[in-house]
Amino acid sequence: MPYDESDVLVYDSRRAPEAPDKHLRATSEAAWVRRSLIGIAVAFMLLVLVLPLALVFTEAFKKGFGVFLESLADRHALAAIRLTLLVAAIAVPLNLVFGVAAAWAIAKFEFKGKAFLTTLIDLPFSVSPVVSGLVYVLLFGAQGLLGPWLQANNIEIIFAVPGIVLATVFVTFPFVARELIPLMQAQGSGDEEAALSLGASGWQAFWRVTLPNIKWGLLYGVLLCNARAMGEFGAVAVVSGHIRGKTTTMPLHIEILYNEYNFAAAFAVASLLAMLALVTLVIKAVLEFRFGEELAATRRH
Amino acid sequence: MEIRVQNVRKEFSRYPALHDVSLGIRSGELIALLGPSGSGKTTLLRLIAGLETPTAGQIFFGDEDASSKSVQERNVGFVFQAYALFRNMTILENISFGLKVRPRATRPPKAEIRRRALELLDLVQLGGLDKRYPQQLSGGQRQRVALARALAIEPGVLLLDEPFGALDAQVRKELRKWLREIHDRTGHTTVFVTHDQEEALELADRLVVMSQGAIEQVGTPDEVYDRPNSPFVFGFIGESSSLPVEIENNEVWSGGRAIGLPASDIAAGPAQLWFRPHDVELVEDGAALAGVVVASRRVGGTRRVELEIGGDRQRVEVDLPFDHPAGEKTRIAFRPRRWRLYPAKG
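Protein chains in written order, with numbering that gives the first Met the number 0: chain A, 0 to 300; chain B, 0 to 345.
Check each hint, because a few of them may be wrong.
Said to hold, decoys possible - Straight-line Cα separation of at most 25 Å, SDA-like style, residue types lysine to any residue; simulated pairs:
| id | chain 1 | residue 1 | chain 2 | residue 2 |
| --- | --- | --- | --- | --- |
| 1 | A | 113 | A | 38 |
| 2 | A | 113 | B | 14 |
| 3 | B | 99 | B | 125 |
| 4 | B | 328 | B | 282 |
| 5 | A | 111 | B | 45 |
| 6 | A | 107 | B | 125 |
| 7 | A | 214 | B | 131 |
Claimed, not checked - Covered stretches of chain B, as calculated for chain A (at least 3 residues, CB under 8 Å):
| id | region |
| --- | --- |
| 8 | 94 to 101 |
| 9 | 246 to 253 |
Since the hints were made in silico from the structure, they are not lab data. Quick caveat: nothing in here was measured; it's all calculated off a predicted structure. Ideal placement from N, C-alpha and C gives every residue a C-beta, glycine not left out.
The shape of chain B in the complex, shown without the other chains:
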């Protein structure tokens, strides 16, 4: 189902949590709401679910205005970070809950409910655990039960609030892959909230990067990673380094020298240069950025060094091959291969 969020604003006791947010979610896509804590991503998800009501604005499910509908009427599958499984019910009872509470007219017969619950239990690869209680399962298993329970009501849209946030790294990676498979198999429109950029980049068709109650950028993982439209997005997604520079004569200057980077579509004056530490080339001579190594550490297959650049001792990080002989105080000259320039604030 297609979802449209239109100029939604949400205040909690007069403190704004979301300012004027608009977002279109395509039918069948897997979309991630990504941002630091306090960015409003969970609030947006809860607004879509109907667990909160917007202070202003509307939310459409398809062509229907769902803003005034209760959470029950919206028919959403919601998965909570803390699982929220019913501890007094077995796994099977948990999964069948949504069908059992339906009014008699729309409630399937008992045998049918049981059949469907067992089928879902198989889908989440927990067949045979139907008689267990939630406390007897591991965190990863509980979250799978929670997903099965949400899927049982045949929701129009699946909403997940930091679904893997409470799990350890290994389980998180497995479940990530597995969620993608389930999504591809069932085709539900799925929105999930995460503060883990790696998770968002790996899992989602599109990302919604949020900060301070507003949407910063919406795009595919490639778009957001390669063409971040603001310093915030550049800094939040992936590794990054930044340096204050000057723009003059369509060139980037640092410390009074041109550093060999063209700058065409930005006004002259102070600016901020952003690049990825791994996306640099070391240069022997010619115009470049140069700095002195002040710290170095091994990161996976490369060596990440911290460089002090220029008289005002700006620090940036770049990656060197792990066998590079650079030590403390070594002078290193480099140029970013890809970079972005943003006008300096103020």
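Isolated chain A (complex conformation):
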């Protein structure tokens, strides 16, 4: 006899399954504990991270958009922006090459002093930037080790652009290398050996196999390196000499403006740097979202 499907459901005596999360939750803390912990974390982040960033932008636009633009169009501000871009344009490619070379050597070869080299790469992270700057002053300054020779040959390093570039290169050296070493170590040298056994030359193996394998990690490292190169204050402050319009980078320019109580201008330039940080973060997030697997081998900073 044909029967209605709804009848069957009526006589179904099985109980509806319980909500699964009741038994599957990994932690057993009470709800109020969880909420207050999350609340503390969020409040802390708002206070320490978000609030200052928001303040930078509100201060920058406090006196209106006109003042904001005026401060940026200022002769010295433009010079500072140009110098910052120039320094980054020199330091980042240099560290890209150094970083790839160092990571390549450390990850793919065994040699004496490898541990020492690895430690050396981390040195700029552990040394205070001011100290790194001072080292260059001691080395190249007028009273420094190479000072007299440099003066005799009319070469300016300290209190000039070359000094700023050197200090920036030093401080930002680890970013690319540190990003690549764990990645390349995790990948091993099997792919390169395969390429060589197939007849590729060393260069062909590097361009066609190694580089594509590390490209996203490399981009990530370059991004971080660039953000730091543009934002570096301590080391650059020591070697720059604060010659307005000549050797002040953006961070130094901001400090000068701030010390002159020119807050609107200081925050206007600062907002540019903050924008750079935000853009870096966004690109980083996009990279992680798209290529998380390839980046997973690298340590986070």
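With the hints as your guide, set chain B onto chain A.
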């Protein structure tokens, strides 16, 4: 191509990985380097490929001394355990890589490269997957692509480093058969490394059994299995049991009694008796080895029992028919049908 390894020695930071190894590989044969981990088999393979350089000794490809040649110049096809496929390239690009990187003078035209790569893809039964990326293939498929890639450069010799080591048992068995077919069809001299004796016995024309950086025995699967020349080979290849015995009056003695095995070409004194658990006969009376069952387990169509023999409780394993009534503490008397005697060490 014929390969000769002559007195090769390899040290890694002064730790020897291979001591004075010599080996002749015949043209067109499929030969297995077999041994436990740390036996130096992979090192030997990498030395042949040119991925490592010997500390001493020479390697000849045909009559040519290849020792000083780079890996690129040796023209070997190398297949890695971890596949080592280029993940940024499609399957087709992977296979054509070796041809594409050739200098212009010897590089075939684009269409020809493509044609050959597609042909190889068919050979490894992966036709139609040319546009996929390695990550989209299963382990077995990846290893087939790796083989096709190695074959694309028309290598003089094909070297495989534990090619099926990362695959599950079922796939491994299929690929084994398939590799044999490819070898028979293409006729490449092929050397492969494995720690899986079953794989080596089934696949290879000859086996090279290695241990602790030296070659223990070279021979056909039958020779190595039936006439192992050292206790190590006997114990490493196939199932085995061993027992300390005495040799006296050209006979084997155990626990002060002769056990009915003649011993002609071995000096009197202590020795080690080796036999296969499945190669024994149960005896009712007469001279034999006797022991008490201490453990038993079902292995395929037979029952394998562990026997405790004599006062010093030496344990050996023998196979009984699965319906044999033996239980715990049952006394069993047996004689190996085939056996080997090796002088006791020291």
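Hint consistency between residue 99 (chain B) and residue 125 (chain B) [alpha-carbon to alpha-carbon, up to 25 Å]: Cα-Cα ~21 Å, so holds.
Restraint status (C-alpha distance of residue 107 (chain A) to residue 125 (chain B) at most 25 Å): Violated, because 33 Å separates the two Cα atoms, which is more than 25 Å.
Verdict on chain A covering the region 246 to 253 of chain B, criterion of 3 CB contacts below 8 Å: This one is violated; 0 residues, fewer than the three required, reach chain A with a Cβ under 8 Å.
25 Å Cα cutoff - pair residue 328 (chain B), residue 282 (chain B): holds, 17 Å
Pairwise hint evaluation, residue 131 (chain B) against residue 214 (chain A), where the allowed Cα distance is 25 Å at most: Holds - the C-alpha atoms of residue 131 (chain B) and residue 214 (chain A) are around 20 Å apart, at most 25 Å.
Distance restraint between residue 113 (chain A) and residue 38 (chain A), which requires alpha-carbon spacing of 25 Å or less: This hinted pair is violated, its Cα atoms lying about 46 Å apart.
Pair hint residue 111 (chain A) and residue 45 (chain B), alpha-carbon separation not exceeding 25 Å: Given that 25 Å is the threshold and the Cα spacing comes to 23 Å, the pair holds.
Per-stretch coverage check for the region 94 to 101 of chain B, three Cβ contacts closer than 8 Å to chain A: holds (count 4)
Hinted pair residue 113 (chain A) and residue 14 (chain B), Cα distance within 25 Å: Holds. Residue 113 (chain A) to residue 14 (chain B) sits at ~19 Å (cutoff 25 Å).
Hints 1, 6 and 9, counting from the list given before, are not met by this structure.
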